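With chain X's structure known, arrange chain F on it following the hints.
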Amino acid sequence: MPPDSQRSRKRLQEGKIISDLLKGSTGDWEMVIGLEIHAQVSCKAKLFSGAPTTFGAEPNTQVSLVDAAMPGMLPVLNKMAVRAAVRTGLAIKAQVNKRSIFVRKNYFYPDLPFGYQISQYEEPIVGEGEIEIDLPDGTIRKIGVERLHLEQDAGKSLHDQHPTKTFIDLNRAGVPLMEIVSKPDMRSADEASAYVEKMRSILRYIKTCDGNMQEGSLRVDANVSVRYPGDELGNRCEIKNLNSIKFLKLAIEYEARRQISIIEDGGNIKQETRLFDTGRGETRTMRSKEDAHDYRYFPDPDLLPVTLEDSFIDDMKLTLPELPDERKARFVDDYGLSLYDAGVLVTERETAEYFETVATGRDAKQASNWVTSDLFGRLNKESLSISESPVSAAAFGSLLDLISDDTISGRIAKDVFEEMFTSGRDAAAIVEEKGLKQITDTGALEAIVDGVIARGTTQVEQYKSGNEKIIGWFVGQVMKESQGKANPQTVNALLREKLSG
Amino acid sequence: MSQEILSLSLSSARDALRIGDIGAVELTEAYIAAVETLRSLNAFITETPELALEMAKASEARLAANEGGAMEGIPIGMKDLFCTEDVLTTAASHILDGFLPTYESTVSANLWNAGAVMLGKTNLDEFAMGSSNMTSHYGSVENPWRTSEEDNKKYVPGGSSGGSASIVAAHGAIAATGTDTGGSIRQPAAFCGIVGMKPTYGRCSRWGVIAFASSLDQAGPLTRTVRDAAIMLGAMAGHDPKDSTSMNLPVPDYEASLSGDLKGMRIGVPKEYRIDGTPADIEALWDEGVDWLKSAGAEVVEISLPHTKYALPAYYIVAPAEASSNLARYDGVRFGLRVDGNNLQEMYENTRSAGFGEEVQRRVMIGSYVLSAGYYDAYYLKAQKVRTRIADDFRQAWDKVDAILTPTTPSAAFAQGEKMDDPIAMYLNDVLTVPASMAGLPAISVPSGLSKDNLPLGLHVIGKPFDEATVLKVGQVIENAAGFTAKPQTIAGG
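So the sequence lines, in the order shown, correspond to chains X and F. When the letters of the first sequence are read in order and numbered with the numbering used here, they come out as residues 1 to 501. When the letters of the second sequence are read in order and numbered with the numbering used here, they come out as residues 1 to 494.
Same shape as in the complex, but just chain X (with noise of 0.2 Å):
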């Protein structure tokens, strides 16, 4: 029995994690997806020429003699992208083959200058590795990668620039692409996102791709196919060119919901690529099987086979920084943080160079606490990456080091924090220039606390006949009269000393 089954029942037996299943009129349904992510090399050159990769660029301003296969001209390996693939290859703790070779696709379409795609097939660069993927519920689940390879990207086609002519910009013509194959692990739809967050996390992490799926430097095809939990696989159906998570998300959703229905109505499921219509919000034909093109691939005569030294795989190794889990692990060694809070701050490597460097030396559960909550939502609000925070590590370690040091508040220091986030001035000046530093001397605070103890002779009564919780009440207005400044333990404990004398 293929291990999917095996889980799939064992789910079942153990009766948890059902929510995954699909409810059709027939039972119960689950899900199959395998996933391809191209993911673009983040280095200036093209996979076979040395133009250049810049996003954005002017039409076909990017192209040089190569990616454009004028006559003649032949295709030299770019070593950087060699060197993307390998690292990425290490990090999903995959198989480096040493010897890889590189194909040639064949067919026919105006993108694609030599009228053939130089790919790797069947000796790929990383053969089988593995990911693990956070799901929302705390779960951590292995996905198996298949293999990953390097390929050229086409150039693209305009249909919309003239009424009756296609228009060519070859600028991605011979854009390096890794592209990574799954196992068919994934279950649901969150899965699949899960999966795509951590490669993405993984890749960004080494730097060999930007991860930027707006620019399309990181685009998903993903196989859906459905079955009756433990069934053998059904046919299956290929959504193209996902480009953010959340139509990934959809489009797995609706063409799962799509091939229950057509079997619950008696129907089969044609093998076929697919598109996903975003306006709509479905998926509709592509090609059907019969339409598929022969690729005729055979070993590309113009580049020698890859080989790979074990001294080059080992320096490569040496390359690698600190993964996405083993920092998690170290974060809820170290730091004493939960897994939750841990994966949400590793999953950019920014973001967990931000926050180490806020808790170096301070309080890590304040500085997660602060971190996740406070500077993420402001982030969010403002639609910032971390390395677009207005509040530096360095500044918002300074304004935590306030709250510890009794100079403000916890609830001052929110007040601070917005003011530095506006204006990216420094918490010690605003604390300074407004005047917001705690009053802890007793004898200043005393005398707010005997006027307001003065002031409530009922409640007074209250406290001394037994209702001790109305003592929130008296704080409230000593901190109200001191705006928030007075320091609540040394409040405390002076009420507590005056009303019970």
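Hints were generated in silico from the structure; no laboratory data involved. As the structure is a prediction and not an experimental result, all values here were calculated from the model. You may find that some hints are simply not true.
[Said to hold, decoys possible] Here are the simulated PhoX-like pairs of lysine-lysine, each with C-alpha atoms no more than 25 Å apart in a straight line:
| no. | chain 1 | residue 1 | chain 2 | residue 2 |
| --- | --- | --- | --- | --- |
| 1 | F | Lys242 | X | Lys79 |
| 2 | F | Lys242 | X | Lys98 |
| 3 | X | Lys498 | X | Lys464 |
| 4 | F | Lys242 | X | Lys44 |
Leaving out everything else, chain F in the frame of chain X:
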């Protein structure tokens, strides 16, 4: 004077230019005039007399300053498969109509850097696919040789480098470049009574050479003497980082290797090359060649290359397979011919039907077929295995011998129009040259005698990988012993 100057070999002309006996402009002018008188051969697709004169003047200045390169002032023909900057480059195909490259192939650039002068772009079989030069969109090339003055038949110059071979033989160029995929330098050299050398795969850069079959294509010289081939190959060869299959090895001084002494060398004669039906004159010439090598001190031994008979069929799978993919870029989208249609598919079909000739279409179809799903293993993969065996045959032979001697072709030149309706008969022209191509080995054809019909015949020397020096040395011994001085019926100044 004109006849005299046109009769100079490359090495003699080089020496005469260096000591000032002749001028570079004078030499080039003589060749420009010769090219005009030889137009009936149809050896050039494009003549570039003005450019030639300009280059000759520059050569003259460099020679005067004692800064001449290895090919300084030598007028040559450039096979029209090499991309030449701002000069029409056609591959003899309609589909490249009007194509003016913005770049210069590495090999042609190397030659210009060495001082060579371009007379024009020579005719060839379309995309170098052919053994007769009958498939050119620009018309067939004529061999300057006939069986006699009275013979009014036209003979093929061989192919695909037929224009280059014909014009060098007819003294319309001192030398010319060729490319050899399965015999495209050596077979036309043999048919036209000149020297043709295919170096080891990886010796000359393929960058800027229009591809036919990438794993086989290799540039080389067509010259009047072996010494000329040594000089010209030295100027063409060298590592090129723009071609991933180019070898990073130093280029030896080939001319210096021409010692004429074969003492202590062992030469192999492969028994499998004695094919049924080989004409008696070719058999006799081969035997004569063996005697010449023995006289020069070599030991000649029979060897076995057991997979020889599979080389040709395997070649006609591998080469078309690669060609079918290499020629996919000629789609009417970016350059050359476009024949519009009602939709994209029609545009492709119209352009490629009109742009490619019959032989090219045949090979594209064969190539697409042998790569297609369900046939790949039986054809392409099997052919690659055969190719490995052929290379192994040669590797084992090198344990016993230093070079191999065979005839270049199974026949002398045939009349234009023959074999046109029988592709297999046409393909058999390459039967003796293809095995060395499949193994990527250096090989030379040296004019060695005349057939019973008085047409030239060549002997073929195959060498070890990157041992062009030995191939040239053995070739020169044959050249000297053969004393081949016959001249074609059509010859400039003659």
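Here is how each hint holds up against the structure:
no.: 1; hint: F:Lys242 to X:Lys79; result: holds, 14 Å
no.: 2; hint: F:Lys242 to X:Lys98; result: holds, 24 Å
no.: 3; hint: X:Lys498 to X:Lys464; result: holds, 11 Å
no.: 4; hint: F:Lys242 to X:Lys44; result: holds, 18 Å
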